[in-house]
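Peer 1: Turn these sequences into a full structure, and let the hints steer you where they fit.
Residue numbers (this note's numbering), protein chains in the order written: chain A, 3 to 291; chain B, 1437 to 1776; chain C, 55 to 331.
Careful, some of the hints might be misleading.
Chain B stretches covered by chain C per the calculated footprint, using a threshold of three residues with CB under 8 Å from any CB of chain C [to be verified]:
{"#": "1", "stretch": "1544-1550"}
{"#": "2", "stretch": "1729-1737"}
{"#": "3", "stretch": "1746-1759"}
The calculated PhoX-like cross-link candidates involving lysine-lysine, where the alpha carbons are at most 20 Å apart (straight line), are [said to hold, decoys possible]:
{"#": "4", "chain 1": "B", "residue 1": "K1683", "chain 2": "B", "residue 2": "K1669"}
{"#": "5", "chain 1": "A", "residue 1": "K111", "chain 2": "B", "residue 2": "K1669"}
{"#": "6", "chain 1": "B", "residue 1": "K1772", "chain 2": "B", "residue 2": "K1692"}
{"#": "7", "chain 1": "B", "residue 1": "K1692", "chain 2": "B", "residue 2": "K1669"}
{"#": "8", "chain 1": "C", "residue 1": "K293", "chain 2": "C", "residue 2": "K106"}
{"#": "9", "chain 1": "A", "residue 1": "K111", "chain 2": "B", "residue 2": "K1772"}
{"#": "10", "chain 1": "C", "residue 1": "K221", "chain 2": "C", "residue 2": "K236"}
{"#": "11", "chain 1": "B", "residue 1": "K1692", "chain 2": "A", "residue 2": "K111"}
Label pairs and their calculated CB-CB ranges [what the hints assert, rightly or not]:
{"#": "12", "chain 1": "A", "residue 1": "Q61", "chain 2": "B", "residue 2": "P1599", "range": "51 to 61 Å"}
{"#": "13", "chain 1": "B", "residue 1": "A1482", "chain 2": "C", "residue 2": "V119", "range": "33 to 43 Å"}
{"#": "14", "chain 1": "A", "residue 1": "G28", "chain 2": "B", "residue 2": "K1772", "range": "29 to 39 Å"}
Hints listed in this document are in silico derivations from the structure and should not be mistaken for laboratory results. Don't be surprised by glycine CBs; every beta carbon is placed ideally from N, CA and C.
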Amino acid sequence: MTLVLNIRDLQLAFKSWSGTSEVLHGISLTIGKGERVALVGESGSGKSVTARIVLGLLQELRGVQISGSVEFQGQDLGAMPDRERRALRGTAMSMIFQDPTSSLNPVFKIAPQFQEVLARVTPGISMSATRVRATDLLREVAIAEPERVLDSYPFQLSGGMNQRVMIAMALANRPALLLADEPGTALDVTVQAQTLDLMRALVTDHGTSVLFISHNLGVVREFADRTYVIYRGNIVEEGPTRDVFENPGHPYTRALMAAQPKITGGGLPDLVEGDRHYLEPRFVHEGVA
Amino acid sequence: MNTVLRHTARRIGTSLLVLFGVSVLIFAIARVIPGDPARVALGPNAKQEQVDQLRAAMFLDEPVVAQYGHFLSGLARGDLGVSLYTNRPVMTDIADFLPATLELVLVSGVMMIAIGLPLGILSARYRGRWPDHVIRVISLLGVSAPAFVWAVVLMLLFAFYLPLFPIAGRLHDSFDIPRVTGFLTIDTAIAGNWAAFGDAWRHLALPAFALALSGIGQAARLTRANMIETYEKPYIEMAQAYGWPEKRIANRYAFKPSLIPSLTIIGLDFAALLGNAFLVEAVFGWPGLSRYGVNVILRKDLNAIVGTVLIISAMFILVNIIVDILTVILNPRIRKADAR
Amino acid sequence: MKRMTTILLANPLSLLGVLLVGLVVLLAVFAPLIAPFPDHRGAVVDFANFNKPPGWPHLMGTDVVGRDLFSRILYAYRISLILGVVVLAIAVPIGVTLGLMAGYLGGWWEYGLMRLTDVFLSIPPLVLAISIMGVLEPTLMNGMLAVTVMWWPWYTRLVYNITRGEKVEGYVLAAEVIGASKTHIMFREILPNCVPAVVTKMTLDLGFVILIVSSLSFLGLGVQPPTPDLGSMVAEGAKYLPDSWWLSVFPGLAILIAVFGFNLIGDGLRDILGADR
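Peer 2: What follows is the structure in structure tokens.
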């Protein structure tokens, strides 16, 4: 199986004048072609920064120390010049953010923002060509009136509509890897479920690999082939989603499962902070998804 | 566009109210003058009956409210009274001197925006790195000295030591340009006298820049602060995650949202140029409203003081109305919200 | 407080600001001890030494009647600083109180006070001060008065905006529920939340008051000779450009240093307190 993403022993620390704070303590994670992989953990566990390292967004900040390797389609991102790494963004990999409405620029209509997205692959694409292509893409995400949406500002559209626009933009250039950072958490549960179904159908169609970052176990169970559980910058358990859910091996994962409150799985309740069992070595489920 | 019109009408309405308040305020200030303005105007040697005559002509023997009534009815007819200093209608004086000041302020305002905003954008784009530090220090220096200090420094450097620009005035004496608009950069062009046209611009350059410097600093600082706030927004992260060119993000996608909150204050700074023009005109011998204003104030020339301040305030309010309308045009949220 | 000072001094630009302001304050306070020719602050004439370029013993040269420029600048600093402090000491309490009232009491208070503020803010600051000075005698006291009159509305608007936001916060509602008086809520509950923004603005404004006062006297509408004032020194010196450049350049530089110092500190404070409004 060819690996789309191969993260090995990734460590991350932020250095500031008051000292160094370590965020990731050497995590390893792989995603195969067309595979949907979830990274689950509570907030502050280091899931979001992982996605931002893959995109190369963190590397450009000052005071950020990164070690370990991130390989994308066999190429080491760390060894790549900045310019080549940037060239991958929005083309070979793209991202969906937590709150679709605030992730779209409020003072520009959808159409010009779509133009920027498409221009990553077709530099200098005209507005009329943008509209033709964008209309198709918006139909793909089940938007009935693409013309109206293109001429709207984000605040004129509902959250679910903006989420569809985001998904259309994310998949517009047929990326090999899609990073989804808590997608739709800001939306109503039903709307969130609808858009996630849509997203799953599309990535399956296009054979897109997905790194799905979430704290919502219910959603993860529905969506992912394989699951990694992250706790305080360490991967504590990994394996096929079914195995992880049905037979959690690590104390932290078990606590997570036990604490999951409702069918909707709104979020993580407080776990007993710093239980020493949570720091046990990682538990790996062998087997195929 | 309908909403824009409606907004404009509403804004002009409240502005007229404010302008009315301003006229009351200025009138009140002008009437607390110690001493008898008629006596001051005529000098100590004038006979008492002459003074009494003038007092009657200026309605000074009537109650203050009645005086204000006379002032308002005159204003409605475009009559601000006669200046005791020039013996001409205040309106005529202002029409004479205002264009020079407006020309200076407009060019200066354009400099402020054309230089200040790009500096702010650059500073925000390279925040924490050396271009940012350099721009921050320069813009802070710009706002840290009054316009007359910059006027003196610029004059010394670029008119005396390096004689690139003329020292004072609006146009070389050898040119004789018929007055059409009072704006020499326009009148010279109308006259088709291109040598004079160039000369007018050369005269304008230093005073306008001296006047603009603090505004440039202010605009750069404000733009930087608002842009940095915008850079924290998710839609900028999204643009970066999608690999949109950094320059385009800065100049377009981060700039426009941060311009909207900056506009009001930039408008205020633009309007403040009207006051600071007094300082620059004095250094460069610029024949604008300033010299007239200072002279009438020193001579306690009531009508002229009230007229000058009222006209300047009216311009000030006008600039603010324009800025307000621009904000509505730029901000789709207001524009579209009103439409429903 | 101590921590704040540490952070402030850790920023090189703020540190520079503190040093500049410290220098200016020291020079002003100890002017009688530092100034080489203390009596030159007044109407002294020394024709033997008129119009001397910078050198020894006249560090910054002498003016057209032979007075030592450096000594006069030190005394001018004294007057500028006193003016700045007095103007803010009067304008800030007035502006803050009116802002609290407009923001908290609402209704007609809000409408009346804010329209009044609009009127004052609708006249360019310098023009308002100029017209007030125009009708009054140009003296130090009146200059102070004119600048104070133009300054309070800015604080009213600032505090008004903050108060409107705080008024709906839980702690205010809680105080209302237990029956605290309006005065108590305005001054004890809401006011502390305005302090960071007000202090930051005051630091920046100290510089700007110096700037405005010097502008007034530059136009001949402020401090009158022979009292030394930076603005009128620049105005006087500008007549003798370019030959006696020091007459206008040094007083101008003196204004720049003082205002720059206050602005650097104000910027630093704003970064720490986040009082960006």
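Peer 1: Evaluate each hint against the coordinates.
Peer 2: The hints, checked one at a time:
Only when three residues or more bring their CB closer than 8 Å to a CB of chain C does the claim for the stretch 1544-1550 of chain B stand; here the count is 0, and the claim is violated. A count of 6 residues in the stretch 1729-1737 of chain B with a Cβ less than 8 Å from any Cβ of chain C is obtained; the coverage claim is therefore met, three being the minimum. Under a criterion of three residues with beta carbons nearer than 8 Å to beta carbons of chain C, the stated coverage of the stretch 1746-1759 of chain B is upheld, 5 such residues being counted. For the proposed pair K1683(B) and K1669(B), the alpha carbon gap of about 17 Å is at most 20 Å, so the pair holds.
Using a Cα cut-off of 20 Å, the hinted pair K111(A) and K1669(B) holds, with the two alpha carbons roughly 17 Å apart. Taken as a hint, the K1772(B) and K1692(B) pair is honoured in the structure, with Cα atoms around 17 Å apart against an allowance of 20 Å. The hinted pair formed by K1692(B) and K1669(B) meets the criterion: a straight-line CA distance of about 13 Å does not exceed 20 Å. Distance check on the hinted pair: K293(C) and K106(C) sit about 16 Å apart at the alpha-carbon level, within 20 Å; holds.
With a CA separation close to 12 Å, the supplied pair K111(A) and K1772(B) stays within the 20 Å bound. Between K221(C) and K236(C), the direct Cα distance comes to roughly 11 Å. Compliance with the 20 Å bound is thereby established for this hinted pair. Using a Cα cut-off of 20 Å, the hinted pair K1692(B) and K111(A) holds, with the two alpha carbons roughly 13 Å apart. A hinted range of 51 to 61 Å holds for the C-beta pair Q61(A) and P1599(B), which are about 52 Å apart.
One distance hint, 33 to 43 Å for the beta-carbon pair A1482(B) and V119(C), holds here, with the actual separation near 36 Å. One distance hint, 29 to 39 Å for the beta-carbon pair G28(A) and K1772(B), is violated here, with the actual separation near 50 Å.
Hint check: violations occur at hints 1 and 14; the rest are consistent with the structure.
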